[in-house]
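Colleague: Sequence:
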Amino acid sequence: MVTQFLGIGGLERMILNLCRTLRIGTAWTPEVVVFDHPSNSSAEQNLIGIFEKSEIPVHVHSKPPRFSWETVFQISRLIRERQIDALHTHDLGALIYGVMGRWFAFSWLRGRKVRLIHTQHSFVHMSRSWKYQLYERFFTHFVDQLSVVSQDLKETYLSLGLRPQKIHIIGNGVSFGARNDVRKRLQVRRELVEFAFAGQNDVQAAVQEKLLNHESDHWLLYLARIHAGKGQDHAVAVWNALSPAIRTRSTLIFVGPETDPGQLKRLEKQIQSAADPQRILLAGPTHHPERWLQAADLYLSCSEFEGMPLGPIEAAGTGLPLLLSRIPGHELLRDHSTQFDLKLPAEGAHCIEQILGAASVDAAEDSVQPRSFHEGLLASSRTIRSQYSLEFMAASYQALYEHSPS
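Residues are numbered in our numbering as their position in the sequence shown, beginning at 1, plus a constant of 4.
Misleading hints may appear alongside valid ones.
Label pairs and their calculated CB-CB ranges [to be verified]:
(1) W107 <-> Q282: 16 to 22 Å
(2) E308 <-> R253: 24 to 30 Å
(3) P265 <-> L382: 40 to 46 Å
(4) R338 <-> T33: 34 to 40 Å
(5) S220 <-> E85: 54 to 60 Å
(6) A249 <-> L348: 18 to 24 Å
(7) P265 <-> E85: 32 to 38 Å
PhoX-like cross-link-like pairs, simulated, lysine-lysine; straight-line CA separation at most 20 Å [what the hints assert, rightly or not]:
(8) K273 <-> K214
(9) K158 <-> K170
(10) K117 <-> K170
Derived by calculation from the structure, the hints in this document are not laboratory data. Every residue gets a Cβ at the ideal spot worked out from N, C-alpha and C, and that includes glycine.
Produce the complete structure using the sequences and hints provided.
Modeller: Rendered as structure tokens:
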């Protein structure tokens with residue numbers, strides 16, 4: 005596997021889950037190359053330790069900001085020394101280095117075929133420069149097998165002139181935790197707060213205290229890296245549009261690392277000027293998103309783009325109600341979520357109030373109505389869990405690793 009970063013985002017967790025499943029259930033022995041690892045990244049901000057605990061070797065490099073020939077030769081050397089049979093690259097940067105690293109390994113001179121499989125997870129970079137379209141067109145010609153995570157991404161490749169027969173759609177599998185159980189919610193929250201902030205510093209201690217003070221609130225969970233376009237600013241706008249009666253009984257919790265320098269400070273300023281800012285918490289990164297999903301009342305995503313929305317899928321599989329932005333990347337969850345127009349934060353706020361109201365009536369001990377709301381979430385979670393299994397994802401990629409190119 006070749007990837008630019010190995011933080012704690014959805015892509016990195018997908019690579020981790022794929023490697024784990026391949027290692028346990030197939031003859032493949034996965035290894036990972038991360039070629040742009042930040043030198044100041046702490047253990048809490050990346051998954052390297054979890055890969056190593058799973059006995060998956062990780063080769064860590066930190067390339068300079070410009071194009072790096074050293075990175076090319078590091079990859080080519082690994083191909084030769086580790087006798088790599090298949091190179092699986094993730095997103096454009098990894099594709100470029102994977103293509104060149106394979107070429108300079110010179111395995112082809114010895115009659116040895118190193119297969120190159122590429123997965124594109126999003127095309128958000130395409131809007132930044134016309135050069136990326138050229139890179140996508142050029143470097144994908146050297147790929148033996150090409151996969152995307154959604155039909156929307158396949159359409160983008162087709163618009164770039166690629167043959168449809170070459171493009172496979174393989175949805176990302178998800179590692180699901182225990183289901184969200186409203187009857188155990190307070191207990192789960194207390195255990196989460198104790199676990200998540202063990203050995204805390206002063207800032208974490210303050211967050212821990214606030215969470216405990218608001219343990220009986222409606223927890224609105226925003227689980228995503230803090231990055232431009234991931235929608236935290238829209239979430240604050242939706243929060244501001246909530247009725248005071250709902251807002252004063254709710255807590256908006258942002259969980260995730262900053263992966264776009266400056267975005268955290270920008271979000272902090274927005275929170276300071278928001279309504280009831282003391283009820284908006286920045287909980288930082290986590291290695292255990294499943295614990296937050298089990299503790300929340302509602303999962304919120306106001307993202308402006310998604311390749312394949314792993315966080316919302318995991319939330320749906322946990323049995324949480326979802327409120328998502330109405331974007332192409334969330335279309336696959338249309339039947340498992342409520343969706344709203346990002347330009348209309350009041351619409352999003354109204355949806356939150358409806359969801360919380362339905363959940364409250366459904367959960368009331370003296371309610372004579374059938375508990376259709378939570379029964380619907382349970383049925384939805386069963387569907388999601390069967391549809392996005394790790395085993396199906398791993399088997400699909402194994403087929404690409406082993407079969408001849410189309």
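Colleague: Now tell me if each hint is right for this structure.
Modeller: Each hint, compared with the structure:
1. W107 <-> Q282: 16 to 22 Å: Violated: the Cβ-Cβ distance is about 57 Å, outside 16 to 22 Å.
2. E308 <-> R253: 24 to 30 Å: Taking Cβ atoms as reference, E308 and R253 lie about 29 Å apart, which means the hint holds.
3. P265 <-> L382: 40 to 46 Å: 41 Å, holds
4. R338 <-> T33: 34 to 40 Å: 39 Å, holds
5. S220 <-> E85: 54 to 60 Å: 57 Å, holds
6. A249 <-> L348: 18 to 24 Å: At 21 Å between Cβs, range holds.
7. P265 <-> E85: 32 to 38 Å: Holds, since P265 and E85 (Cβ atoms, about 35 Å apart) stay within the stated range.
8. K273 <-> K214: The hint holds at about 19 Å.
9. K158 <-> K170: 10 Å, holds
10. K117 <-> K170: Given pair K117, K170 holds - Cα atoms ~19 Å apart, limit 20 Å.
In terms of the numbered hints stated before, the structure departs from hint 1 and from no other.
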